[in-house]
Amino acid sequence: MDEPVAAQAAGTAVILGATSALGQAVARQLAGRGQPLILVARDDTKLAAVEADLQARGTTVRSVVADLDDTDRHAGLVEDWSAAADFYVFYGSLPDQDAAEADWSVAARALHTNFLSAASLLTHIANLCEQRKSGRIVVVTSVAGDRGRQSNYVYGTAKGALSLFCQGLRNRLSKSDVTLTTVKPGFIDTPMTAGVPKKPAVLWATPERVASDIVKARDKGRDVVYSPWFWRIILFIVCAVPERIFKKLSM
Amino acid sequence: MTRYRSWGYLPDVEQQAHVPQWREDTPALLRHAPQHGATRLAFGAGRSYGDSCLNSQGELIDTRSLARFIHFDRQQGLLCAEPGVTLAQILAVIVPAGWFLPVSPGTSHATLGGAIANDVHGKNHHRDGTFGRFVRSLQLLRSSGELLDCSREQNDGLFAATIGGLGLTGLVVQATIQLIPIASSEMDVQVRLFRGLDEFLALSAQFKAECRYTVAWLDCAASGPEFARGVFLAANHAADGPLEAAAGHSRLAVPFSLPKWTLNRWSVAAFNTVYFNRHRLLDGKRLRQHYQTFFYPLDAIHQWNRIYGSGGFYQYQFVVPLAARDALESILTRIVDSGMGSFLAVLKQFGDIDSPGMLSFPRPGLCLALDFANRGSRTERLLQDIDDTVMAAGGAAYPAKDRLMRAEAFARYFPRQEEFSAWVDPHFSSDFWRRVHG
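Residue numbers (numbering that gives the first Met the number 0), protein chains in the order written: chain A, 0 to 250; chain B, 0 to 437.
Bound-form chain B, shown alone (with noise of 0.2 Å):
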């Protein structure tokens, strides 16, 4: 038995894993049925920061060992490698010889697996859509024994409700994924302040088309006249420069839970106001700045979850339609009055691009993330209320970040889960599945 817990230190589970070394021994290890008709999980870097990820009556499989690349091309930038490679390890790689991930979320810690069970997004989704566009094939196995090869043009449906299935049609042994090409590790940045969701709107119009990714820093403790204030980021990588893989080790590192208290309406709004003004000598400007400062701030530092104490944090990050942005303000004053949000909130606007999984999160719409550190019922109460407000709106919420979504919130935000729930693996769940499905 080991402590699995997920990045939002809630819930923190002792749980049975078994940890497969190698890919040929997986088959013999799902058909041996699990005691007592326990369900299984694949778990990656538990980045994911709800439950999805942990399956708490049953056994994980845990995937750290299944670690391996099976075949890089370098001149189509086709990799084909097992589930538990991190996304870091595979820029390590691809990077040098001139090719990179062509979608990143937020960390690059996360697993091929992960990636693919969660049919993640970055900045460029109104350019190229989610992850799961970019998987070409996977083999998966089922508790049968089965190993299945899906793509688009083969067992198809049981490829889509994998990209995003959260793992519960089985275990993805291996995955093919096409990079894109770069001719360097460096990336264009240019930088604006903005005041309102209006100003917001009007820079994602002007720099979607020139600009491969682009995101928004909001600040949720400002109000009155800073209200939504934020500073918004359009990046391409350069055209020329170097091609090097990050550094790996990061020096700064959050030791031990720090004590509640730290994290408070005061300090947040203050490290926002510095946050802020740090930036408006770079407003307007162009810089240079290596991939992992752009696309992965928060890696360099080690378990900056740490920052929200030993009582964890909820992360919540929702979709609503552009037509529907009067909610997002609404949510927004609510976080901004209640004094809970943290300093991490991030803005995004979806493109059109279609979302290939039965159960992805990404669609047409205006994309809020954000923190809120443990307060306990009057967190859950705030999230409620904004999960309410969501519902109403047609929106969606994302279970890659996601403790709270009850039964009927899962039916609305995606519609095709009734689809979804018929390729799922009998002897598969997770906690998440079990709250959102019974």
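For reference, chain A alone in the conformation it holds in the complex (with noise of 0.2 Å):
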């Protein structure tokens, strides 16, 4: 195995996921602005394609294959990355609700993947940020966590966990210097999504202006972020329907 990266330079970001849509996308603006990248997948092949991509963009990268759904492995992953300045999590992916209805393990594996997986990594990123007092994380987390509902409650449940472990740890951490950004993204046309029916057309964003909305939310510092910004009204009118109501709908 590798010597550990902690002498690479600061000012590195690691993204976890790098190989998804949105991972490769703000991968692409970070080498735009010359940023040092750690790039965390698993597949081997679409990691050397991306890291390729990225180099030629004019950045140093280094790619670490890793399977982030064995938390045995977060912590001597994490020392490696100890003197990254920028953690991105992106990983996830998108349960058949149907599926997980009917078969437990569908649905425990998703909210491993999606929230302990995540969670595992957070708490290491986190006490490695707090110890030495910087630092700034982003979690992508999702529209489908502000409320639970019929046609996605599993993975809801997950992204709705980890937003509000994302709350706890954003408490904690301010306390040393250390921001931690939530971004929700609505609809995303990505192959995550390639089942679902893109319409209404105008509510589907692309990996790159999801992107730029999480590029500008780090630099700003921002708390929780929605992204296009109008799901923050969406979501707003959703969670305003009385329960009782809202239980006879069908969304």
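Hint data in this document are derived by calculation from the structure and do not stem from the laboratory. The model shown is predicted, which means the values in this text are computed figures rather than measured ones. Incorrect hints may have been included.
Away from chain B, derived, C-beta distances all over 10 Å, residues of chain A [what the hints assert, rightly or not]:
1) 49
2) 64
3) 69
4) 103
5) 131
Computed from the model, here is a short list of chain A residues facing chain B with C-beta under 10 Å [said to hold, decoys possible]:
6) 48
7) 54
8) 55
9) 56
10) 189
11) 193
12) 195
The beta-carbon is built from N, C-alpha and C at its ideal position, and this holds for glycine as well.
Join these two chains into a complex; the hints should help.
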């Protein structure tokens, strides 16, 4: 195994889930600013393609092949990144809601990947940042986590739990000058949502658009950001509907 | 099913499209036979004006996610990338490193794949030839699943067919191009006003040795003594200055399709007059411009094609041999008389450098490109008429701009089309190909 990259220049951003559409889009924007990157993903071929792309765009890149579902590895991984400045959490999976209802193991896997493993990573990252009193963390959750609805509550639960976890961390870390931004995208047109009908078209955003919002939010040290912005209003309305009415809807 | 359209907004078709995310997934995608024996075609940025990028009876392979850089050799200026990368994205990376695109079409929003498929040309044809001349190699995926390395040394027939081949030979999954070195992102530009083709030709001859880039904007609404008046621009990359890529986001945008009556004989004439008069102040002057302003002035206006309204527009671009310059004048006269021409007319002189593709459009002569608002059959008749003149003069029209080319015209414009059709992938086709070839 390579020696740890602790010696790498500070100012590095760690992209967790670098082969996801959002991960690639954000990495490109950061590469455009010349920020050194550490890319983390499961698939080594895809990771190599992303690394080559970012290197051509003019920044130093290092790849780490890791399955982030394996929480035992988290402590070691985060220690390798102890000099990094920014951490972006992008990885996730969208389970088939029907399959998850019929089979608990499908739901359990979704909860593990989207919540438990992310929480584990964030625990190590938060401890690191708190100790050295610096760092910016960005976590992508989802508008699905704002309210449980029949069509996607397994995914919604994982993302909602993660949003809550991040909220607690944000509270704790503010005493150490560490920012944690929660980004809640609405519908994004990516491979993860390939099976979802893209209607109404006006509500679907490109990964580039959301990536732009993410980088801006990180720069400004924002707390909770909806992307695109209009989802904040939509969710405000959705959350305002009384439960006795909402439970009868078919959203 | 998604809506796909080309830049001319006609036709506007709902098509089945695949959006491969990774190069490695494409062989499986192509091997997997589509429903009902439908054909396929790669789709880049849809900057072609007509139907050469559409396949309404089949499927599209949308390359928007196959948009990665693969390798950039900063010392030698060699760039290898996936087909969906846009020329603007390439410039953003290569300009700060002191390199530039060897040939630039009128928009930087076109993709690398599109630049190869149309063997695009720019303002430096007399000096450098077409884009295809700078393609070192490409990797082509055929529907059989075969991945072929093509260059002048290897699979050279397929290489010559793919350059300018309108995507019909298969899917280009990566290409390597040779860039040109620059010392500055600024351009040294000289401006000259002219009236009449004779003055244009004289300026062309005068500047072609000293300037890498030359182009003229022609007024197709002026008649009488102002007939064929225009602004001639000659430029070189500046010898010194910053190396800054363009800003990226354009602020100006046409937010929605304008009503059809916005563009008419009088508004166009008025616009052109203002344009010509503003340039009077610059006549004989030398200026410095950022490359973005010189090469891609229209990119600054996001969705400028909406100016023509939801009915869309036709763009027609043709070349006639220098000896047939009277044909060009007669065509211009007909356009002025019809009052249907628009403001965007570009006049260039192509040089003698051979184009490498079997279906390449650029050849020696005078080239004129312009738009026509869609006025239905009146416009079509004018265009057929112009097409007849071009054919009789031994010229050619440009498939990237075309929607009306007939089979007979196609055969005359592209003498190597039989040789080309042997290389067409049996499971690839396009609306354009079906119209001109059947």
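The hints, checked one at a time:
Not every CB of chain B is more than 10 Å from the CB of residue 49 of chain A (nearest about 7 Å), against its label as outside the interface. For residue 64 of chain A, the requirement that its beta carbon stay farther than 10 Å from each beta carbon of chain B is met, with the minimum near 16 Å. In this structure residue 69 of chain A is separated from chain B by more than 10 Å, as the shortest Cβ-Cβ distance comes to about 23 Å. Every CB of chain B is more than 10 Å from the CB of residue 103 of chain A (nearest about 30 Å), matching its label as outside the interface.
Residue placement check: residue 131 of chain A keeps its beta carbon more than 10 Å from all beta carbons of chain B (closest about 33 Å). Because the closest C-beta pair between residue 48 of chain A and chain B is about 6 Å apart, less than 10 Å, the hint holds. With its C-beta approaching chain B no nearer than about 8 Å, residue 54 of chain A sits inside the 10 Å limit, and its interface hint holds. With a cut of 10 Å, the hint placing residue 55 of chain A at the interface with chain B holds, because the nearest CB-to-CB distance is about 3 Å.
Below 10 Å, beta-carbon pairs count as interface contacts, and residue 56 of chain A has one with chain B at about 5 Å; its hint therefore holds. Hint status for residue 189 of chain A relative to chain B: holds, with the closest Cβ pair at about 9 Å, below 10 Å. A hinted interface residue such as residue 193 of chain A counts as satisfied when its beta carbon comes closer than 10 Å to some beta carbon of chain B; here the least separation is about 8 Å, so the hint holds. For residue 195 of chain A, the interface hint is violated, since its Cβ never comes within 10 Å of a Cβ in chain B; the closest pair sits about 14 Å apart.
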